[in-house]
Amino acid sequence: MIPSLGVESPRVGNAAPYISAPVLGAIVLAQTTVMHRAMIGSTPPSLPLVAVISWGLLRGPVPALWWAVGLGLMLDVVSPQPAGFHSLPLVGVAAVGVLLGRRLFSTNLLLPLGLVAFGTALFSLFQYGLLAIEHRLDWAWRPWVDATLPLLVLNLAWLPAVYLALRWLARRLGAPAMGWER
Amino acid sequence: MKHRTHDRQYLWMALVVLGLSSAIVEHVPGVRPLTEAAGRALTPVQTALTRATARVHGILGGSRDLEALNAEILRLEDENARLKTDNLRLASLQREVRDLRALMDFRNARPDLDLMGTSIVGSVAGWEPGHLTRSVKLDVGASQGVKTRMTVANHRGLIGQVIRVSEHWSDVLLITDPTSAVSARIDRSREAGMVFGSPNGDLVMRYVPQNQADMPPKIQVGDLVFTSGQSQRFPPQILIGQVVDVRQDDYDTFQEAVIRPSVDFNALETAMLITAWTAPLDADAEDTAVAPSPAVPAAGRGAARPTGAAGSTDR
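In order, the protein sequence lines correspond to chains R and P. Read left to right, the first sequence gives residues 1 to 182 (the working numbering). Read left to right, the second sequence gives residues 1 to 315 (the working numbering).
Hints in this document: simulated from the structure, not taken from any laboratory. From a predicted model like this one, the values you see are computed outputs, not experimental measurements. Hints are supplied without guarantee of correctness; some may be wrong.
[To be verified] FRET-style restraints, in silico, Cβ to Cβ: (1) R:Leu125 / P:Val244: 37 to 45 Å; (2) P:Asn87 / R:Leu99: 48 to 56 Å; (3) P:Asp187 / R:Glu134: 54 to 62 Å; (4) P:Asp65 / R:Ala165: 19 to 27 Å.
[Said to hold, decoys possible] Some, not all, of what chain R presents toward chain P, calculated at C-beta under 8 Å: (5) Gln31; (6) Thr33; (7) His36; (8) Met39; (9) Gly41; (10) Ser42; (11) Val77; (12) Pro80; (13) Tyr128; (14) Asp146.
Every residue, glycine too, gets a C-beta built ideally from N, C-alpha and C.
From just these sequences and the hints, can you work out the full model?
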């Protein structure tokens, strides 16, 4: 059997569930409590989004997708919003943002910054779209921009701390293990 | 050997004579100025030496007490930290007492509302994780009698409405949420309209008719906006906020206004659930705090009842 460097096992590439679950739980807990002390106006930063993007940079798109699913489901549970309101945009950002963004910003020192900016706009667009489609909102650029700009600034401000913390975690977990072609 | 013995004797004699003469010399006229001159010359040197000695002594003595001093510093630091903690706790308690007093005043001022106290504090309360939608989690639930659609307010004004209830916690949709709508009235002109939340957290009052010529403006900056009480959803005369901007277009049927909420939602700590209230008899409109949860039905269209009982209609 030949080891395939391109294939990452979801289990190890994404860190074992017993390691991921507490980390994701802590992120959700922080988002619903502490982050509301760091708001601009009435907009808190989105720690899950920054974490998904950072994890995508550190571990690749597949682990980022797994984290997006886990974080999104947890957020859907704690939020009174309809199921999928948080998980769908997060998965969308992980899928589109990390895959496409990596190409857009590849081999650039500003990769994390660019990805967070791109991912934040995408995430906000997804959520606003869901709100507008679901019921009740007339589409308007102004409120969207007013709500997204502070989020963008806050996410960029939180990126270094989150990225460094997750990099430390990624190093503790070791390099992503190789999968085996069957 | 004999020489040495003699020398010693002479030495002792000389010392005795010198001692006696030094005792006498003080009283010999003419010698005093000499001693004074010597004293003047020596005093500064003595002073310097004394000070230096004192310093050295202090240093040596200090080093001996260093351990004791360190222990004392540690003890004082501990005490200082404890006092600071006590101070913070007292400040927190003071704030809590102030808020509770204000809530008590609110309760006394509004006997028509049946209020149930609760608190949103620290780890027992959560916030909506999203940036476009706004809700808070209260630490009271069905076991405390909370039901969906109960109105939540505090002494500053209207907070929102319960949209999801569990056994020990409940979710409250804030009035700043983009899916929230509250029927409201301008206190000065008695004009009615609807107050909506928005994605950026602003409150906007819509459906206020345009001003008429030769009539005072129906809405203007500084006006206070209250709940209209024309519904089953929110009790009347609860402050929503103050008008900070009015937008008018000649071609529009209605004008709209930006409202600054009276409640500081970013520093929300305490809230009261209004379990029931006496609704006005002329109720003819309906608030629609459209709840995203499927567990909460859309606003009913039934006729208003004389007595509101929040949470009773959707069960």
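_Hint validation: glycine 41 of chain R versus chain P, beta carbon distance must be below 8 Å. Holds or violated?_
Holds - the Cβ of glycine 41 of chain R comes within 8 Å of chain P, reaching about 6 Å at its closest.
_Tell me if the interface restraint on methionine 39 of chain R is satisfied: Cβ within less than 8 Å of some Cβ in chain P._
This interface hint holds because 6 Å falls under the 8 Å limit.
_Interface hint outcome for proline 80 of chain R [beta carbon to chain P under 8 Å]_ = Where the cut-off is 8 Å and the nearest Cβ of chain P is about 4 Å from proline 80 of chain R, the hint holds.
*Closer than 8 Å between Cβ atoms is the bar; does histidine 36 of chain R clear it against chain P? Give me holds or violated.*
4 Å, holds
*Can the hint on glutamine 31 of chain R be confirmed by a CB-to-CB distance to chain P that is less than 8 Å?*
5 Å, holds
*Regarding the hint that tyrosine 128 of chain R lies at the interface with chain P, is the smallest CB-CB distance below 8 Å?*
At about 6 Å, which falls below the 8 Å cut-off, the nearest Cβ of chain P leaves the hint on tyrosine 128 of chain R intact, so it holds.
*May I ask you to test the interface hint for threonine 33 of chain R with respect to chain P, counting a Cβ-Cβ separation under 8 Å as satisfied?*
This interface hint holds because 6 Å falls under the 8 Å limit.
*Pairwise beta carbon distance, aspartate 65 of chain P to alanine 165 of chain R, judged against the given window 19 to 27 Å*: 46 Å, violated
*asked:* Given a hint of 48 to 56 Å, does the C-beta separation of asparagine 87 of chain P and leucine 99 of chain R actually sit inside it?
replied: Distance hint for asparagine 87 of chain P, leucine 99 of chain R holds at roughly 53 Å.
*Minimum Cβ distance from serine 42 of chain R to chain P below 8 Å?*
3 Å, holds
*May I ask you to test the interface hint for aspartate 146 of chain R with respect to chain P, counting a Cβ-Cβ separation under 8 Å as satisfied?*
4 Å, holds
*Hint check: 8 Å Cβ-Cβ cutoff, valine 77 of chain R to chain P*: 10 Å, violated
The structure does not agree with the numbered hints 1, 3, 4, 11 stated previously, though it agrees with the rest.
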